[in-house]
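**Q** Construct all of the structure, not just a fragment, from the sequences and the given hints.
Here the sequence shown is numbered in my numbering, starting from 297 and rising by one per residue.
Wrong hints could be hidden among the right ones.
Unchecked claim - Only pairs whose alpha carbons sit at most 30 Å apart, straight line, appear in this in silico DSS-like list of lysine-lysine:
| # | residue 1 | residue 2 |
| --- | --- | --- |
| 1 | K330 | K591 |
| 2 | K570 | K475 |
| 3 | K570 | K554 |
| 4 | K562 | K591 |
| 5 | K609 | K570 |
| 6 | K475 | K531 |
| 7 | K609 | K428 |
| 8 | K302 | K330 |
| 9 | K491 | K531 |
| 10 | K591 | K449 |
| 11 | K531 | K488 |
| 12 | K449 | K428 |
| 13 | K428 | K326 |
| 14 | K323 | K449 |
| 15 | K554 | K330 |
Claimed, not checked - Restraint-style ranges between C-beta atoms, simulated for each label pair:
| # | residue 1 | residue 2 | range |
| --- | --- | --- | --- |
| 16 | P425 | R354 | 42 to 52 Å |
| 17 | D480 | S451 | 33 to 43 Å |
| 18 | S451 | S346 | 48 to 58 Å |
These are computed hints drawn from the structure, not numbers from a lab. Think of the CB as a built atom: it goes at the ideal place given N, C-alpha and C, for glycine as much as any other residue.
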Amino acid sequence: MHTPSKVSYLTVGAEEAGQRLDNYLLKCLKGAPKSLVYRIVRSGEVRVNSGRTDVTYRIVEGDHIRIPPIRLAEPGAPPSPAALARGAVLPILFEDDALLVIDKPAGMAVHGGSGISFGVIEQLRAQRPQAKFLELVHRLDRETSGILLVAKKRSALVAMHEMLRDDRSMDKRYLTLVKGVFPDARRHVRFKLQKYVTADGERRVSVTPEGQESHTILNRRSTFSEATLLECELKTGRTHQIRVHCAQSGFPILGDDKYGDFTLNKALPRQGLKRMFLHAWRLTLQHPLDRTPLKLESPLPTELQSYLDSLEKLDG
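**A** Written out as C-alpha cells, the structure reads:
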C-alpha cells in the first residue's frame, strides 16, 4: 500500500470523454473500492473544473479533475492467482483495433461489484495493462455464457451504444432450454419490465404497467418430452429480459435461480444440468467504425450440448 503525499490533478483525454465520473475514477485509482470513490465524490474532495459534482456526471475532454490523497494498492499489484486462473480461460472470438469479442464462460461476472471483486473487464485490464481503453459495450448475467462485446476505443463504444438503441442495427440471438413443450413455431413476447432490488440486495425484474417496453421473439428449435430448445431474438435489451419473458409466458428457463421452477431446478444437477441453460449464441452487426459486416457465433458450451444430447437419447 502507499499513500500519495499530495493532491493529484488529471486532465480528461479524448478517449476517456463520455464516461461516468465514478467509472473514470475506478480506473484511475486501481485498487480503490467503489464505496471509497463514492464517498470522496459526495464529500466534495473530488472536484471537476474546481466545482463539486455527482458520480453520474459524464466527463468531457479537457475536464480538470482534482483527486485527494487516498490509500491505494501499489500500482501494478497483480490480481490474485485464482482470479488470473479464471481469466486464463477466456476465449477471444474476434479482435481488431476497435473491438474485442469474448466468449464468456458461465459463472463469471462481467464486472466486479455486489461482492464480486474480479470480473471479465477487470481480468482484461489486468492482462493488458498497456491498453488505454477497455469498456463493456453491454452485459451478460453471471450465469449466462456466450458473446460479450468490449470496446477498445471510445468512438467504437459510442457507435455500438447507438446500434443497441436501434433494434434494426444488431441481430442478437440466444439459445435457451425451457420447461414444457412450447406450442408455437414463433411467438412475439412483449411485457413492460421494471427493475427493483430485493432486501438482500439482489437485482430483480417484475412485469408492471409502469415498466419499460420489451420485446423478444421466441423461435422453437427442438422439442423434447418435457422441455423445448428456443432461439430467442432480442429486439430490446432489458435486464433479465429473456428470463422474465420465458417465465411470464409459462416456460421458465431450466436452472434459472431467480425466475425458474425451483423444485425442478433442484433435480437438474442429478440429471446432468448444473447451470442455467442460457447462451448468447449469435450476433450479426456492422463493424462500429468501418461498417463491414460481422457475424459472430459462439457454439453451445460442452455442458449444455451434453445435456441436450442426453435428452435426445431419453426421447429416442
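**Q** State for each hint whether it applies.
**A** Status of each hint after checking the structure:
no., hint, result
1, K330 / K591, "36 Å, violated"
2, K570 / K475, "15 Å, holds"
3, K570 / K554, "15 Å, holds"
4, K562 / K591, "37 Å, violated"
5, K609 / K570, "19 Å, holds"
6, K475 / K531, "23 Å, holds"
7, K609 / K428, "50 Å, violated"
8, K302 / K330, "21 Å, holds"
9, K491 / K531, "18 Å, holds"
10, K591 / K449, "20 Å, holds"
11, K531 / K488, "13 Å, holds"
12, K449 / K428, "8 Å, holds"
13, K428 / K326, "14 Å, holds"
14, K323 / K449, "15 Å, holds"
15, K554 / K330, "26 Å, holds"
16, P425 / R354: 42 to 52 Å, "26 Å, violated"
17, D480 / S451: 33 to 43 Å, "41 Å, holds"
18, S451 / S346: 48 to 58 Å, "29 Å, violated"
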